[in-house]
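Trainee: Chain residues, written in single-letter form:
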Amino acid sequence: MELLKKPQPSIVIDYDDWLAIDAPQVEAVKVIASVDIAQLLNLITRTDEIQIEFSAFADGRGFSIARILRRAGYGGVIRAVGDVAVDRVAYMQRVGFDAIELKDGEEATLLPRLLGHVKVKYQLSSDGLGPVYA
Amino acid sequence: MYIYNEIDQQLVDERVNQFRDQTQRFLKGEIADDEYRMLRLMNGIYIQRHAPMLRVAVPYGQMTSVQLRALAKVSRTYDKGYGHFTTRQNIQFNWPELAQIPDILADLAQVQMHAIQTSGACIRSVTSDPLAGVAADELADSRPWCEIIRQWSSLHPEFAYLPRKFKIAVTGSKADRAAVQVHDIGLRIVHNIQGELGFEVLVGGGLGRTPIIGQVIRKYLPAKHLLSYLEAILRIYNLHGRRDNKYKARIKILVKAMGVDAFAQLVEAEWQQIKDTDLQLPEAEIKRVSSHFAKPYYLSEQEAGFAQVNSIVDGDFQRWLTHNVLPHQQPGYRIVMVPLKNPLSPPGDITHQQMDGLADLADQYSFGNVRSTHDQNLVLAYVAEKDLYELWHGLADLGLGRANHGTLTDMINCPGLDYCSLANAETLVLSERINEAFDDLDYLYDLGPIELKISGCINACGHHHIGHIGILGVEKGGKQVYQFTLGGSDSEAAQLGKTLGRSIAQDQVVATITIILNTYLALRHGNDETFAQVVQRIGLLPFKEAVYGTAQKTAA
Ligand code: SF4
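So the protein sequences, as listed, match chains G and P.
Sequential numbering from 73 applies to the first sequence in my numbering.
Sequential numbering from 335 applies to the second sequence in my numbering.
The hints are simulated quantities; they were obtained by calculation from the structure and are not laboratory data.
Please note that a few of the clues may not be correct.
[As the list claims (entries may be wrong)] Incomplete in silico selection of chain G near chain P, CB under 8 Å: (1) K78; (2) V192; (3) Q195; (4) Y205.
Quantities reported herein were computed from a predicted structural model and do not represent experimental measurements.
All residues carry an ideal CB built from backbone N, CA and C; glycine is no exception.
Next comes chain G alone, as it looks inside the complex:
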């Protein structure tokens, strides 16, 4: 499973700490859902990986953040961390996540089956597919 293969970087710095040291080039930065996206977009060339933290199952902001990062041309790894459940991974993949860290107790072996469930995609998103009518 591609999504699980990308090795966790050895050092991940929290976004606020990173800003406090003037955002030098780093391996990976972790942002929370309330991050100032306009500001983040100015810094994306300085990190090879952006981790987006899902603090709760119901919080969907991370989906839009990933989408905006990809739209801005970010080519590094976008990893979902925090409350990442197998049943949400299909949508995560569509909006631009290419790595996930499942929370404890989630069964990674289910992923191939779950990701295969819905093959029809009506909408344009970040996964290179056009809308169904294009």
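Chain P with the ligand: place on chain G using the hints.
Mentor: For chain P with the ligand alone, kept in the frame of chain G given last:
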């Protein structure tokens, strides 16, 4: 009527399998309760007071006779033999077994139906004018746009975990029969000066705890940009809507807090980045979807028309013709309203026999098309004048011929405490008593059009804020009492009703309505001045005095 192509069919089939897998894992204890809760909600399943409730989408209120028969069969096979049409044009089944719901959905998928996004914090099933494509006052048919929105919003990966539910309504007529001003997004079809079709976009309307009338954020949006503009609004809402308090999480609160201009600016900036991408609707796609809603093969006016229909000597028929039958855009045709307001059952309820029977009548007299409305009625939208008398007999045989459309007893009523776990008070007992007390049709006709809307709690599923008379159930000191509002409206000039005064005890509700009606009758200028007009003209004071001056028992 939109007919699925292979892709559309594959999507609903795949969704059934996905949900079956989720449900099986949940029943084996492999998915946590709160996670499964969100997954099932996104597929229309609530856990109610007595049993799970399944809400099946009737996208923008359109059904074929085949689909209606399938719904009848579901209610017979998996439920107690009836269904309940809701104020969002959908249908609910109140008694299915959770383990059987995947089978129900599989059955429905065979007739191109689903329960996708009929609940949950996501883009809900889109609603529209039930008279789209047939209304005499129509600018353009709203249904192709609804279908385009349905497809775009179905399983949208980015907007499945919004701060709160999100409702979109579309109207293509001047008269607003879709209540677009009380939706998260309301779309009105308009033409620009070149005569090109587009949308006026309203945002931030809604009922519930904080009722707000939506505001226009764009006067004219070219039709091809529909999806990019919707996407921009949704993205801003997804990122900025409040998530700390579910009562403040709707887009209306965000728009109010930011101010509509600031909100519109954010949307505009986002939209500029995406409007010229593949989200732009190609002409061919608009044509493809529109072709599904081509006019049916109407008979000529000579063949369909029956000018003497008004002179058939049958009083009951004439009453029905006057009240339940509306003009049509096609000469020789009429629109027939079928109220689901049986005095002995909750508003919106329909038995499986009635569904089957109505499906047959639709095949015989209305090109096999049936529609649902946001006031919990059904519509046969393509009836030739020459068939009206026969159709009326058919409807009467099914118990669906009651000529009370648009009257006081054609009320909207949420299920309330009898079914809903959020309710504060019973509502069905009210509709039962109101039906008993006001069963004289001539009296109802004399009262003229009155919209009575009843909700069992502040969530306002019964739309009480926009009823001419609104009733809200609340609990006070362990007792069920009811707050009245007057002067609301869901028309093109939507208005929120104002509170009449202190709450009324359950056994005084009918008496209070009677006083309100008598006050209206006494103060109206001639028989043509409607209830809504009188309240508009004289305000609430005369009603307050009448109610609180004479009502014997009112709750504190
Ligand atoms: S208004 Fe309240 S009681 Fe009525 S259906 Fe909605 S949540 Fe339930």
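Trainee: Could you check if Q195/G really has its C-beta closer than 8 Å to a C-beta on chain P?
Mentor: holds, 6 Å
Trainee: A closest beta-carbon separation below 8 Å is what the hint needs, so does Y205/G meet it against chain P?
Mentor: Hint holds; Y205/G Cβ to chain P Cβ min 4 Å, cut 8 Å.
Trainee: Quick check on K78/G please, does its C-beta sit within 8 Å of some C-beta on chain P?
Mentor: Violated, because the Cβ-Cβ distance from K78/G to chain P comes to roughly 20 Å (cut-off 8 Å).
Trainee: Can you verify the interface hint for V192/G: is its Cβ closer than 8 Å to any Cβ in chain P?
Mentor: OK, holds: V192/G within 8 Å of chain P, min 4 Å.
Consistency with the previously given hints fails for number 1 only.
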